[in-house]
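Trainee: Sequence:
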Amino acid sequence: MTTATTSTSKVAADTSGGSLRFYGVWLLGIAALIVLPMIFSSGGSLTSFSLIGIAIVFALSYNILLGQTGLLSFGHAVHYGLGGFAACHMMNAVVSHGWPIPLPFIPLFGGLGGLIFAVIIGWVMTKRAGTVFAMISLGIGELVASSSLILRSVFGGESGITTDRTALPKMLGWSFGSQLQVYYLIAFWLVLSTIAMYALTRTPLGRISNAVRDNPERVQFIGYDPHVVRYLAFCFAGFFAGVAGGLAAINFEIANSAYLGAIQSGFVLFSTFIGGTAYFFGPILGAIMVTYLQLGLANLTSAWQLYFGIIFIGIVMFSPGGIAGLLMMHRPLVRAGTLWTVIPSYLVAVVPTLAFACGVILTIETVARYSTGEAINLFGIGFKPTSPITWIAAAVLVVGGAFIARLSWRQIAEAWDRAATIARDRGYVA
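In our numbering, the protein residues as written are 37 to 466.
Calculated directly from the structure, the hints in this document are not laboratory data.
Predicted model only: the values in this text are computed from it and were never measured.
Computed cross-link-like contacts, SDA-like style, restricted to lysine to any residue with a CA-CA straight-line distance of at most 20 Å:
| # | residue 1 | residue 2 |
| --- | --- | --- |
| 1 | 206 | 128 |
| 2 | 163 | 253 |
| 3 | 163 | 255 |
| 4 | 206 | 216 |
| 5 | 163 | 176 |
| 6 | 420 | 434 |
| 7 | 163 | 252 |
| 8 | 206 | 136 |
| 9 | 163 | 244 |
| 10 | 420 | 409 |
| 11 | 163 | 271 |
| 12 | 420 | 393 |
| 13 | 163 | 258 |
| 14 | 420 | 407 |
| 15 | 206 | 135 |
| 16 | 163 | 261 |
| 17 | 163 | 106 |
| 18 | 206 | 138 |
| 19 | 420 | 402 |
Computed spacing ranges between beta-carbons, pair by pair:
| # | residue 1 | residue 2 | range |
| --- | --- | --- | --- |
| 20 | 417 | 189 | 53 to 59 Å |
| 21 | 132 | 420 | 57 to 63 Å |
| 22 | 63 | 371 | 19 to 25 Å |
| 23 | 77 | 195 | 31 to 37 Å |
We put the CB at the ideal spot given by N, CA and C, even for glycine.
Throw the hints in and build the complete structure from the sequences for me.
Mentor: Below is the structure:
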């Protein structure tokens, strides 16, 4: 009796502690969103934070397809773009007709724009998964993107549709003319959408979507139709992608064909996969990283898209679980107290790995700037792309760094195996 009572108390305590940690993470994230503009108040910082918020909503919506349901889409930007156009048209209609709809409600109409298109085309698209779905999504994405330049009355042609967010009715005295007010509007919808999408993963639909992803035949055997499950997930993903597009339209006060193109679809694919599809917070990390890289690299080099490709290939080859997968691999070691035995191997591997990365960067920049002769500044060291010394330095860094880094990574693997074995013996598994 005493043992049973003690076990019940322990389970209750663990459950209570887990709930506190769960709500604490959410409250900490909301507090960070509120405090960030007070710490970084410049216009550039607020713009970056706004773009990151939009990217997070977009990436999480894509993960409903890829991570939750196993549907690889190459045209998810269609819902994003249509949501942006719907938001712009709605804002212009509110101004012209004098409707009492304030700006904070406009992203909802963007979500409806993405949802309606998903409802129309989703039933046919989701009949099949895998390669068939991916190719259909690619074809429809390119079809809608090209149609946006033809249907000028709807999409505005190459110039797109412009709007004025300050012309809408004020809400609580806010006209949303300043970037700070727009940031808080995006942050509000970010929190609302994130909570809604997380709640969706905990519903029976979210669970059965995971089952369809892993084994659709068994799902059909127990009485569920995988086609219907995929269709519902597709509609939810289209709605939240439309919300992200509506937020982008509010932020930029314009919607054009770039919202619908393959580049936008590739951006969300990179964000989601680099962050990791197996965990809910993975696309959040990926969206933050990719957005910051895009904003930073675009100002530093003309070959910034090549770096994205290299990072994506590296993640696919060496860490299919993404950044979130790498972080969660360490969780058993942290709980078992064996992570400290791996850290020295990490520190040893840092130097040759950075040398190899610098060699790759120097090689790319040398090739990219060879014809123009523009000088290369790598961490404060100047290089001339036409000088043989630059080519020799790049080769030494790439070859030498890769060789030494590979040896150090073997040491990491050995230290990792020892630490993981101890963690398993203590009852902590990944």
